[in-house]
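Asker: Chains as they are written, first to last, in my numbering: chain A, 36 to 217; chain B, 203 to 446; chain C, 33 to 423.
Keep in mind that a hint or two might mislead.
As the list claims (entries may be wrong) - Sample of chain C residues lacking proximity to chain A, with all beta carbon distances greater than 12 angstroms (derived):
no., residue
1, Met33
2, Arg124
3, Arg136
4, Lys211
5, Glu250
6, Asp282
7, Phe394
8, Ser412
Said to hold, decoys possible - Below 25 angstroms or equal to it, Euclidean Cα-Cα: the simulated PhoX-like pairs (lysine-lysine) are:
no., chain 1, residue 1, chain 2, residue 2
9, B, Lys363, C, Lys167
10, A, Lys84, A, Lys43
11, C, Lys131, B, Lys397
12, A, Lys115, A, Lys43
I should point out that these hints are in silico values taken from the structure, not numbers from a laboratory. In this text, all values refer to a predicted model and were calculated from it rather than measured experimentally. All residues carry an ideal CB built from backbone N, CA and C; glycine is no exception.
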Amino acid sequence: MNTPRKLKVATTSLAGCFGCHMSLLDIDERILDLLQLVEFDRSPITDIKHCSACDIGIIEGGVCNAENVHVLREFRANCKILVAMGACAVNGGLPAQRNHLQLHEILTAVYATEGGLASGVQIPNDPELPLPLNQVHPIHEVVKVDYFLPGCPPSADAIWKFLTDLIAGRTPHLGHGLIHYD
Amino acid sequence: MSDQTFTLDDQEIPFAPGQSVMQAALDAGVFVPHLCYHPEFRPHGSCKLCTVKINGRPATSCTTPAAAGLNVESNTPEILDKRRTLLQMLLVEGNHFCPSCEKSGHCKLQALGYELGVMTPHFNLIYPDRPVDASHPDVLLDFNRCILCELCIRASAEVDKKNVFSLSGRGITKHLIVNAESGRLADTDFALTDKAAQVCPVGVILPKKQGFSIPIGRRRYDAASMSAHVDEFKPTAKVQEERP
Amino acid sequence: MRGRGGAGFTTGLKWEACRNAPGKTRYVICNADEGEPGTFKDRVLLTRQPDLVFEGMTVAAYVTGASKGYVYLRGEYRYLLEPLNAVLARRRQDNLLGKGILGRSGFDFEIEVHMGAGAYICGEESALIESLEGKRGVPRNRPPFPVTNGFLNQPTVVNNVETLAAAALIAAKGGDWFKSFGTAKSSGTKILSISGDCERPGIYEYPFGVTVRQVLEECGAKATQAVQISGPSGICIGPDEFDRRIAFEDIPTAGSFMIFDIRRDIFEVVRNFINFFAHESCGFCTPCRVGTTLLKNMMEKIAAGHGTRYDLDEIYKLNRVMQSAAHCGLGHTAGNPLVHTLEKFRPAYERRLKSLEFEPAFDLDAALSQARQMTRRDDSAAHFDSAQENA
Chain A
36 MNTPRKLKVA TTSLAGCFGC HMSLLDIDER ILDLLQLVEF DRSPITDIKH
86 CSACDIGIIE GGVCNAENVH VLREFRANCK ILVAMGACAV NGGLPAQRNH
136 LQLHEILTAV YATEGGLASG VQIPNDPELP LPLNQVHPIH EVVKVDYFLP
186 GCPPSADAIW KFLTDLIAGR TPHLGHGLIH YD
Chain B
203 MSDQTFTLDD QEIPFAPGQS VMQAALDAGV FVPHLCYHPE FRPHGSCKLC
253 TVKINGRPAT SCTTPAAAGL NVESNTPEIL DKRRTLLQML LVEGNHFCPS
303 CEKSGHCKLQ ALGYELGVMT PHFNLIYPDR PVDASHPDVL LDFNRCILCE
353 LCIRASAEVD KKNVFSLSGR GITKHLIVNA ESGRLADTDF ALTDKAAQVC
403 PVGVILPKKQ GFSIPIGRRR YDAASMSAHV DEFKPTAKVQ EERP
Chain C
33 MRGRGGAGFT TGLKWEACRN APGKTRYVIC NADEGEPGTF KDRVLLTRQP
83 DLVFEGMTVA AYVTGASKGY VYLRGEYRYL LEPLNAVLAR RRQDNLLGKG
133 ILGRSGFDFE IEVHMGAGAY ICGEESALIE SLEGKRGVPR NRPPFPVTNG
183 FLNQPTVVNN VETLAAAALI AAKGGDWFKS FGTAKSSGTK ILSISGDCER
233 PGIYEYPFGV TVRQVLEECG AKATQAVQIS GPSGICIGPD EFDRRIAFED
283 IPTAGSFMIF DIRRDIFEVV RNFINFFAHE SCGFCTPCRV GTTLLKNMME
333 KIAAGHGTRY DLDEIYKLNR VMQSAAHCGL GHTAGNPLVH TLEKFRPAYE
383 RRLKSLEFEP AFDLDAALSQ ARQMTRRDDS AAHFDSAQEN A
């Protein structure tokens, strides 16, 4: 019997803190088991810069700027299953706490009126820099998302259970103790 | 307890005269999800998380009087799905950022989300602008998390006899306000010892000078789910303080 | 007679239940909070036939043993207050109100007009009673019902203006006379408030059982695309159904009859209705408070050309939850105009959709507007070209 094809998995962090990726690494030696089942495509772990056709895409972080949108769309276009991992991807999280403020107020405060700024500081406008969106959004408001794994971050055990379910073809089910919003 | 019963998901539930369907179920140790219900207060019926089907028709179990022979459906896929949707509505209506909330781990909205397996707010988030009120020396009001259960309003009016809280606006703009000319909690006679300071199911009314005092893993709903705490919600229960 | 306010509860049973309920004082309330979009018949009755309405209240008081009556008058009808009070004063003088009405000892009844403040929800009888008591207009939990625990927790009948006017006529002319109009299951006549695309809008009175087609012909409606009957929460029908009848057994109505001809955009009509419900939701229960706004936001997304089939499915999902879990009729029926027209006028929606499975909830390019302005950038990376991105 042939061993099943390894699933291709891509991961990225948008407006997140990489805490979810750290939690993924917290599965410790189980990562060796995981690598028996999957190979990583685009991911901070591989440093591959662009996504090719994948089975599973895992997104950490919400959408706060134009680049986040481009990356998210690249993932959606290439991944059969797209997963929102962590509080920020699920509901915007900490970055979305700016949402009750107007972006122009924030930029003005940070680059113009705040104390301690060097003279002549301007709002950066280099075309290389992605423009921030008026508000931070969870990823399900920008693309269709198939599964959600909340938590800040989701624990290593939650990520392990979620991924092993998904890889085995089971609908992921966390249950009490693993499902967390914090 | 009378010998009259009704059926809830194939289980016979005895009830005393005057009890609601939910009170009788909780008394029998059967958990029915709820947020605006509190054993020490009259049923309110606004959160709708306790929605069931009674004799095939949707009903609010906290306000429907128990009656002999009722056929109550509660834990069916259809009803659980509706409850999930209702909870998701609450999640998108307010600003619920659990990682930065002192009530996390003690919050009924969160615990019910876990109970129902709500993995996403699903709808598009509204992100309302709701400034906090930090004016009071002992209590912080973070309106971002308000789910409009009116328990603080009821407790302040009925138990504390202070009428500190009220409602303003309607529809999605409806919001909790403080009954003071200035609108500030500091300009009322509200006290940390008030009943109204103890009943918030979410993280709106918080004591100052403390926070995150119980480590993750030992908080109320870390160890056991909301349904496992069913005894606390019995009509006869001596209710623990909601304060973390 | 069944009530003319929309729900169609049998008036006699309501009065009987009130009379038989234990209580210190009984109340008769005339629901003149005529707020359903497209209805204005109560205003005309109160303007032209106020005596008939007060007579009906007095009959109700005689039957139920009520001693006090209130007319809960829509805030926008403030200008009717003085004329109505003048009629009440005259009736008092004529001993048609007050102590020992028409010499019958013990038949004491007084009527007072109470102004509403313009909230649609206060047309719901228990919210009306809350408002009359000086509280927020929020529908009560039922049971108990107003007939046993109404105004000030006393037995109370709440009737529509038209119901009370008809009751006065029945008292004068008898039940057989009343039953000589209408159908077997819907006795009497119904006053329709006809508005919209027709030559002769206004108030029409028909025996129950009249077809929609006949009404349309007689008011001079041409090229009619749709009729919204009984207000936004009622039913929307197209030409295929114009032979249906106005009657409790077919199309029940409180009287609103809005005509839209082929020039009208049904999607925009519905969007207006949905905005109305979001604005008028009292905010008490979760499904209505949040659900009406989510529906409104979805309609805005579709209107902006960003809608998808996914959004239409979401509308159905929300409607199911609101229908089954909302606290009162507003929330139960707020999605009606959407689901009725999604069924009967689906192309009005589909032609606005992007032919994609999923579109962002918000306008991505517009979401960069503030940053563009602040950085004075207008390069290609400062914009989203959605046509390219969605390949």
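Asker: At 12 angstroms, judged by beta carbons, does Arg124(C) keep clear of chain A as stated?
Answerer: It holds; Arg124(C) is separated from chain A by about 57 angstroms at its closest Cβ, greater than 12 angstroms.
Asker: With 12 angstroms as the threshold, tell me whether Lys211(C) passes as away from chain A on beta-carbon distances.
Answerer: Non-interface label stands for Lys211(C): nearest chain A Cβ at 58 angstroms, farther than 12 angstroms.
Asker: Would the least Cβ to Cβ distance between Arg136(C) and chain A come out above 12 angstroms?
Answerer: Non-interface label on Arg136(C) holds, nearest chain A Cβ at 65 angstroms vs cutoff 12 angstroms.
Asker: Is it true that the CA of Lys84(A) sits at most 25 angstroms from the CA of Lys43(A)?
Answerer: holds (15 angstroms)
Asker: Just checking, Ser412(C) versus chain A, shortest CB gap more than 12 angstroms?
Answerer: Non-interface label on Ser412(C) violated, nearest chain A Cβ at 8 angstroms vs cutoff 12 angstroms.
Asker: Would you check whether the claim that Glu250(C) is not at the interface survives, using Cβ distances to chain A and the 12 angstroms cut-off?
Answerer: holds (50 angstroms)
Asker: Quick one: work out the minimum CB distance from Met33(C) to chain A and report holds if it exceeds 12 angstroms, violated otherwise.
Answerer: At roughly 52 angstroms from the nearest Cβ of chain A, Met33(C) sits farther out than 12 angstroms, so the non-interface label holds.
Asker: For a C-alpha distance cap of 25 angstroms, please report whether Lys115(A) and Lys43(A) respect it.
Answerer: Holds, at roughly 10 angstroms.
Asker: Quickly compare the C-alpha distance for Lys131(C) and Lys397(B) to 25 angstroms and report which way the hint goes.
Answerer: violated (49 angstroms)
Asker: Are all C-beta atoms of chain A more than 12 angstroms from that of Phe394(C)?
Answerer: Per Cβ check, Phe394(C) is inside 12 angstroms of chain A; nearest 7 angstroms; violated.
Asker: Say whether it holds or is violated: Asp282(C) keeps its Cβ farther than 12 angstroms from all Cβ of chain A.
Answerer: holds (42 angstroms)
Asker: Is the straight-line distance between the alpha-carbon of Lys363(B) and that of Lys167(C) 25 angstroms or less?
Answerer: holds (17 angstroms)
Hints 7, 8 and 11 from the earlier list are contradicted by this structure; the remaining hints agree with it.
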